[in-house]
Each structure stands twice: as structure tokens, then as C-alpha cells.
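Number of protein chains: 2
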Amino acid sequence: MKSPVSTYRLALVGFGSVGRGLAEILSLHRQRFIDRNDADIRIVAVCTRRWCVYEPNGIDAATLLRAVASDAVGALPGACAWSADQMIASADADVLVEASPTDMATGEPATTYIRAAIARGMHVITANKGPIALHFAELRRLAAERGVMLGFEATVMSGTPALRLGWSDLAGCDIQEVRGIVNGTTNFILTRMERGMDYASALAEAQRLGYAETDPTGDVEGYDAAGKAAILANVLMNAHLTPADVEREGITGITRDMVAAASAAGERWKLIARVWRDGPTVRAAVRPMRLMLRHPLAGVDGATNALTIITDLLGDVTIIGPGAGGVATGFAILSDLLTLQQGVRHVSF
Amino acid sequence: MKSPVSTYRLALVGFGSVGRGLAEILSLHRQRFIDRNDADIRIVAVCTRRWCVYEPNGIDAATLLRAVASDAVGALPGACAWSADQMIASADADVLVEASPTDMATGEPATTYIRAAIARGMHVITANKGPIALHFAELRRLAAERGVMLGFEATVMSGTPALRLGWSDLAGCDIQEVRGIVNGTTNFILTRMERGMDYASALAEAQRLGYAETDPTGDVEGYDAAGKAAILANVLMNAHLTPADVEREGITGITRDMVAAASAAGERWKLIARVWRDGPTVRAAVRPMRLMLRHPLAGVDGATNALTIITDLLGDVTIIGPGAGGVATGFAILSDLLTLQQGVRHVSF
Chain A
433 MKSPVSTYRL
443 ALVGFGSVGR
453 GLAEILSLHR
463 QRFIDRNDAD
473 IRIVAVCTRR
483 WCVYEPNGID
493 AATLLRAVAS
503 DAVGALPGAC
513 AWSADQMIAS
523 ADADVLVEAS
533 PTDMATGEPA
543 TTYIRAAIAR
553 GMHVITANKG
563 PIALHFAELR
573 RLAAERGVML
583 GFEATVMSGT
593 PALRLGWSDL
603 AGCDIQEVRG
613 IVNGTTNFIL
623 TRMERGMDYA
633 SALAEAQRLG
643 YAETDPTGDV
653 EGYDAAGKAA
663 ILANVLMNAH
673 LTPADVEREG
683 ITGITRDMVA
693 AASAAGERWK
703 LIARVWRDGP
713 TVRAAVRPMR
723 LMLRHPLAGV
733 DGATNALTII
743 TDLLGDVTII
753 GPGAGGVATG
763 FAILSDLLTL
773 QQGVRHVSF
Chain B
433 MKSPVSTYRL
443 ALVGFGSVGR
453 GLAEILSLHR
463 QRFIDRNDAD
473 IRIVAVCTRR
483 WCVYEPNGID
493 AATLLRAVAS
503 DAVGALPGAC
513 AWSADQMIAS
523 ADADVLVEAS
533 PTDMATGEPA
543 TTYIRAAIAR
553 GMHVITANKG
563 PIALHFAELR
573 RLAAERGVML
583 GFEATVMSGT
593 PALRLGWSDL
603 AGCDIQEVRG
613 IVNGTTNFIL
623 TRMERGMDYA
633 SALAEAQRLG
643 YAETDPTGDV
653 EGYDAAGKAA
663 ILANVLMNAH
673 LTPADVEREG
683 ITGITRDMVA
693 AASAAGERWK
703 LIARVWRDGP
713 TVRAAVRPMR
723 LMLRHPLAGV
733 DGATNALTII
743 TDLLGDVTII
753 GPGAGGVATG
763 FAILSDLLTL
773 QQGVRHVSF
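From first to last, the protein sequence lines stand for chains A and B. For the first sequence, the residue numbers in the numbering used here are 433 to 781. For the second sequence, the residue numbers in the numbering used here are 433 to 781.
Worth flagging that the hints you see were computed from the coordinates, not collected in a lab. As the structure is a prediction and not an experimental result, all values here were calculated from the model. Any given hint might turn out to be false.
Covered stretches of chain A, as calculated for chain B (at least 3 residues, CB under 8 Å) [claimed, not checked]:
hint, segment
1, 438–449
2, 515–525
3, 693–700
4, 741–748
In silico negatives: residues of chain B with every beta carbon more than 12 Å from chain A [stated by the list, open to error]:
hint, residue
5, 461
6, 465
7, 468
8, 538
9, 653
10, 681
11, 687
12, 690
13, 709
14, 710
15, 717
Glycine included, C-beta positions come from ideal geometry on N, C-alpha and C.
Make a model of the complete structure from these sequences and hints.
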């Protein structure tokens with residue numbers, strides 16, 4: 433009863449944490465997906481702003497990782513001068529993996545890359561939040577018209593299957609509200625502040641550990657969480673929100689005294705993204721909230737993320753898992769590929 | 433781009449909490465599944481030990497529920513004298529929904545019904561734990577050979593997609609361990625004991641509220657959880673365990689003093705089902721454990737269930753949701769149908 437093995441030739445735009453995480457998984461486990469999932473997954477092309485490699489039969493993932501680590505990609509067979517546009521137009525590939533840096537204001541250049549890949553008949557899997565937060569309805573329509581898959585599991589909670597839980601596992605339920613902790617950086621800072629650090633020291637530690645960027649605005653002012661709230665609204669509740677439509681308050685106003693007062697009352701501050709129906713419309717907000725310790729989201733610590741999906745038929749279902757990390761996000765790409773391999777193409781509503 | 437609507441004609445064995453829950457969902461939302469999921473779901477036959485109804489074009493779910501409530505099924509059009517065996521052999525149906533009472537020692541008569549339905553080319557969705565705890569490998573093989581689906585989401589955590597999280601969403605990961613709270617009755621009793629009740633009073637309240645049966649042995653001695661542990665081992669870790677292979681200790685030895693001592697230490701007693709790899713074999717155990725409050729399973733209260741799946745690529749992923757209830761378990765049946773509708777047939781390893 434063994435099914436035939438399908439080959440998936442991936443073209444990657446971007447080779448940061450997500451692309452390297454995917455390559456690490458493939459360098460260790462490529463044979464597993466052939467044996468168990470009948471999926472032969474090969475990276476055939478990678479383009480970044482600095483270099484491009486194209487090997488139609490597949491680039492050895494371990495070799496690629498070593499070359500990148502030693503800044504020797506130019507010496508690889510297949511090294512070429514393609515831009516990402518040229519790669520998408522010309523590479524013999526089945527799937528575009530869009531993992532270029534996120535621009536939450538424009539969604540570019542990722543959205544242009546995705547449109548071009550779909551038009552060429554490629555499946556698209558994006559780890560880039562911009563296109564899904566800003567252009568989901570259009571991209572879903574384009575993919576459906578072309579009969580290709582649009583995968584986006586990586587955009588919220590990395591590889592933790594939070595979006596899939598809603599659009600696939602809970603298909604058939606009416607989703608009435610979604611709320612969660614979807615930004616690991618702020619959750620890490622708040623957790624540290626409970627142990628007595630002030631905001632500035634906790635932020636500095638997050639930066640030292642690589643959880644927060646040098647300019648932490650995107651995380652601490654809630655922009656990242658607002659983008660994810662828009663994605664949750666669009667994917668799980670069929671809304672048409674952009675990040676700018678999300679009411680937003682970050683954690684920069686939370687003081688050590690406020691954290692201590694909450695602790696004394698048996699509560700914890702968490703930055704909560706919430707999407708809910710308000711009559712015929714869907715609204716979304718990101719703001720710090722005090723949760724009682726017994727709240728299912730209260731125990732979610734550090735860089736872990738969590739999402740509660742509130743449904744008519746099942747009540748509340750909560751999923752907790754990693755919210756970031758190269759391998760965890762690389763797994764999200766892989767899980768979209770395995771969904772494609774199961775024959776599933778579209779989010780259904 | 434609207435897909436054609438597929439019709440699913442269901443034949444139910446048993447019409448207890450699960451069957452009634454499914455009928456309630458269909459009586460309210462049948463059109464939703466046509467509109468959103470392209471699935472026209474009809475109950476065409478129901479057989480219990482006392483009555484049988486068969487209507488090839490579908491039985492109106494609300495009418496059926498009213499007739500059952502007023503003990504007037506015999507007056508329905510389509511009332512007949514079929515046994516369950518006769519229904520499976522003769523009804524014009526696509527899917528057997530097996531929801532007869534569980535026998536965790538033999539898996540009968542459910543396993544015989546399932547074998548007969550598969551042999552006839554029917555898909556099978558079971559809410560009955562016995563066949564999956566005892567005969568999963570055989571039934572999966574039979575279904576694969578016949579090209580039909582074997583659905584079993586209802587057997588652990590009712591409609592909360594805990595099994596689907598493991599075999600579908602986390603496909604591609606290596607599952608190294610699974611642990612959780614999978615019996616709501618014992619969790620309810622332990623939660624009550626934390627508020628000062630002794631074991632006997634907490635059990636009596638659980639019985640009064642319908643959470644525990646008159647003979648509570650199956651729950652409080654851990655037999656139900658052991659059956660679910662065997663299912664988790666077989667479905668998620670490709671093991672061949674039976675409930676008798678699961679090391680088992682119930683909650684009857686937990687005293688109010690033990691609960692109070694745990695509380696004083698900032699810990700909680702929970703009945704934990706655990707499945708793990710031990711060299712080349714898979715082992716399983718059910719036993720009460722003291723968990724620190726920060727443990728992701730410690731905050732799971734009352735009749736809520738939770739499962740943590742420990743993987744190589746994602747680390748720990750936890751799902752929390754209802755563990756029982758007619759509508760919640762009816763939704764599990766529905767979610768298997770919608771998986772079938774997506775074209776997915778088999779658990780892959």
C-alpha cells in the first residue's frame with residue numbers, strides 16, 4: 433500500500449533564521465520525509481540580497497549551510513547572479529518559500545514575489561507576515577484560481593500549528609474569538625520583570641540573548657503582535673483587516689511596580705492579541721492585560737506562545753508551543769509542504 | 433471556484449451521548465457544512481439495542497431527537513427491526529459511525545461492526561475506544577487495503593483535536609513522548625478535593641453531576657485513562673500496546689491530606705497518562721503525579737483535558753480543551769468527516 437514518492441523542488445527567497453532552520457531539518461532528516469511522508473523535499477534555488485545558488489537537482493543542505501557559515505557561497509556549484517525576481521521567473525521549482533525580511537507596512541517585496549510565483553503556477557509557502565497581514569484575500573484568490581497552495585503556518589507561532597488548528601482541525605466550528613500571546617520577546621521581558629527586573633534591564637537581557645532586536649519597537653510597541661492579530665482575523669475569521677486596523681498598545685508603559693502589584697494579587701501581566709466579532713464586523717486589539725493565575729494563558733512563560741480559539745461547538749481550545757526559532761519556523765514550512773502532500777490546497781470557510 | 437458538494441450518508445450504531453450530540457449539531461448547522469465545507473451530511477440509519485430507523489434519503493435530525501426523547505422512535509417512518517449487523521450489511525450508507533458502549537477488555541461488538549463495514553467498503557468513524565485501544569494496527573491495515581478512512585478523533589479528548597494534532601499537524605516530527613490529563617472525571621474529583629472535599633464527597637458530587645458513573649471503577653482506577661494511553665501509543669508512536677500493557681494506578685489512594693500537602697508546597701495532584709520511548713519499545717503508564725503550578729498541565733481544571741506532545745523538531749506542544757460532552761464528541765465525528773472531505777484517508781507514520 434506504499435504510495436509513490438512526490439518530489440518538491442523548493443526555491444527560497446531569503447536565507448535567514450527560517451531558511452537556515454529548514455535547511456538544518458533537511459540536512460538531518462530528508463530521508464524521514466521520503467520514508468514516512470512520501471515527500472522528497474529538495475532545495476533547488478536560494479536567493480538573498482547578496483547571493484544566489486541554483487542547482488536543478490537539488491543543493492545539499494549541509495553543504496549550503498557550511499558555505500553560508502564560512503561566507504563561501506560564491507564558490508558553490510550553481511552560484512549565479514540571479515535576482516529573486518529572476519529566480520522566480522526562471523528556476524525549475526515547484527514551491528516558492530518566501531522568507532525575506534518582513535515589511536509590515538507594505539508587504540513588499542514579498543507580495544510581488546508571491547504574485548509572480550502563483551502566476552507561474554508555483555505553490556507558495558510564506559514565513560513572511562507582511563503579505564498575509566496585508567493581502568491575504570487577494571493572494572488566496574489568486575492561488576485558488578491557479579490551483580496552487582498558499583501556505584502561511586510560519587507567520588504565527590512559528591511551527592506550532594496554531595493557524596492549522598483553526599482553519600483545518602476546527603473547520604466546521606464557528607470561530608467567535610481568538611486570543612493569545614503571539615510575541616515571544618514581550619512575553620520574555622514581562623516574565624523577567626516578575627523576577628524583579630525593571631523594563632530597561634529586561635529589554636537589555638532580551639537583546640543580549642537575541643530575542644529582541646537593536647531597535648525593539650516592532651516588538652515592544654505591539655506592531656508584531658498587531659500584524660499577527662490581522663493574520664488571525666483574516667485567516668480564521670474571514671475578515672479583511674490590516675495591521676493598521678488593530679487597536680494597539682505595547683508594553684513600554686508597564687512598570688516594575690505594576691508587575692509587582694499584579695503578582696501580589698495573584699495575577700500576571702501578559703501582552704494579549706485578541707480578535708473578536710462585534711456585530712457584523714471583526715475587531716482586533718493588542719494590549720497588556722492582567723490575567724488571573726488560573727487563566728490558561730497566564731502560565732505561558734518566556735518565549736513560548738499560546739493561542740485560545742473560542743468556538744461554538746467545542747468551547748475553548750488552547751494550543752501552547754514555541755513562538756520562534758529557526759528550526760521551529762523551518763518546521764512550519766515543512767508542515768505546509770506535508771499538508772500539500774496530503775492533497776489539501778485551500779483554507780475553507 | 434466553488435467545489436461540488438459531496439454527500440455523506442451516515443449509519444450510526446448506538447445513539448447515546450455521542451450520537452445525540454452529532455444529531456444536535458446537524459439539526460442546527462447542517463447547512464453550514466454544505467455552504468462552507470461542501471459536505472452534505474445526512475444520518476440515514478441508526479441502530480441501538482432497542483430500536484432501528486432507516487431512511488435512505490436521510491432522517492431529519494431534530495425529528496429523530498424528539499422521537500428519542502419521547503420514546504416514540506417506533507412511530508417514525510423508517511422504523512424497522514434491523515440489528516446493527518443487518519444495518520451494516522444492508523443500509524445504503526457511506527460511513528459507519530460506531531458509538532456503541534465501550535468494552536475495553538474485548539473491543540466487542542464494535543470491532544466486529546467495524547470489520548464488517550470496512551469489508552463492505554464503508555468509511556468508519558469510531559467514538560468507541562475499545563477497537564482503537566485493542567485492534568488499531570489491524571483496523572488501519574484493513575481500511576488502507578480497502579481504500580476507506582478509519583476515523584477515531586473522538587476516542588481521546590472528545591472533539592478537541594489532540595490526536596489530529598499529533599498524526600496530522602505534527603506529521604514530520606518524531607514524537608518522543610506524550611503526556612496528559614485525559615480523564616475528566618478524575619480531574620474533576622481532584623480539583624474538588626483541593627477545595628477541601630474528601631475523596632468520597634468529591635466522587636459523590638461527580639456522580640450527582642453526571643461526570644462519574646454509578647460504578648466509578650473505570651475512571652477512578654485509571655482504566656479509562658489506560659485505554660486512552662494505549663490509543664495514544666498506537667496512533668502517535670506506532671506502538672502495539674493494549675490497555676493491559678499500561679502500568680496503572682488510579683486516584684483512590686489520594687487523600688485530602690495529600691492534596692493539602694501538595695497545595696501547601698505550591699503543587700497539584702493530577703492523574704497523568706504518559707507514553708514514552710524506552711529504547712526500542714514504547715511504554716505507557718497512568719498514575720497520579722504532583723505537578724508544580726508552572727507545569728503546563730497543572731492549570732487544567734475540572735472536566736477539561738490536556739495533552740503535551742514532545743517532538744524532536746518543535747519541542748513541546750500542548751493542547752487544552754473539552755474532554756467530554758455530547759456536542760464536543762459529536763464534533764469529533766464531524767471533524768473526521770471533514771478530514772475525509774479534504775481527501776485525507778490515512779494516518780501516516
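These are the hints, each one checked on the structure:
Beta-carbon proximity to chain B at under 8 Å applies to 0 residues in the segment 438–449 of chain A; the threshold of 3 is not reached and the given coverage is violated. With 0 residues having a beta carbon nearer than 8 Å to a beta carbon of chain B, the segment 515–525 of chain A misses the requirement of three or more and the stated coverage is violated. Evaluation of the coverage hint for the segment 693–700 of chain A: breached, as 0 residues show C-beta separations to chain B shorter than 8 Å, against a requirement of three. Residues of the segment 741–748 of chain A with a Cβ under 8 Å from some Cβ of chain B number 4, which satisfies the need for three, so the listed coverage holds.
Not every C-beta of chain A lies more than 12 Å from that of residue 461 of chain B, the closest at about 8 Å, which undercuts listing it as non-interface. With a closest Cβ-Cβ approach of about 6 Å to chain A, residue 465 of chain B is found to fall inside the 12 Å limit, against its non-interface label. Non-interface call for residue 468 of chain B relative to chain A: violated, since the shortest CB-CB distance, roughly 5 Å, does not exceed 12 Å. Every CB of chain A lies more than 12 Å from the CB of residue 538 of chain B, the least distance being 28 Å, so the non-interface label holds.
No Cβ of chain A comes within 12 Å of the Cβ of residue 653 of chain B; the nearest lies about 28 Å off, and the non-interface call holds. Every C-beta of chain A lies more than 12 Å from that of residue 681 of chain B, the closest at about 26 Å, which supports listing it as non-interface. No Cβ of chain A approaches the Cβ of residue 687 of chain B within 12 Å, the least distance being about 24 Å, so the stated non-interface status holds. Against chain A, the non-interface label of residue 690 of chain B holds: every CB pair exceeds 12 Å, the least being about 21 Å.
Annotated as non-interface, residue 709 of chain B keeps its C-beta farther than 12 Å from every C-beta of chain A; the closest such distance is 16 Å. Distance check on residue 710 of chain B: its Cβ is at least 21 Å (rounded) from any Cβ of chain A, clearing the 12 Å threshold; non-interface status holds. The beta carbon of residue 717 of chain B is kept farther than 12 Å from every beta carbon of chain A, the shortest such distance being approximately 23 Å.
Checked against the numbered hints above, the structure breaks hints 1, 2, 3, 5, 6, 7 and satisfies the rest.
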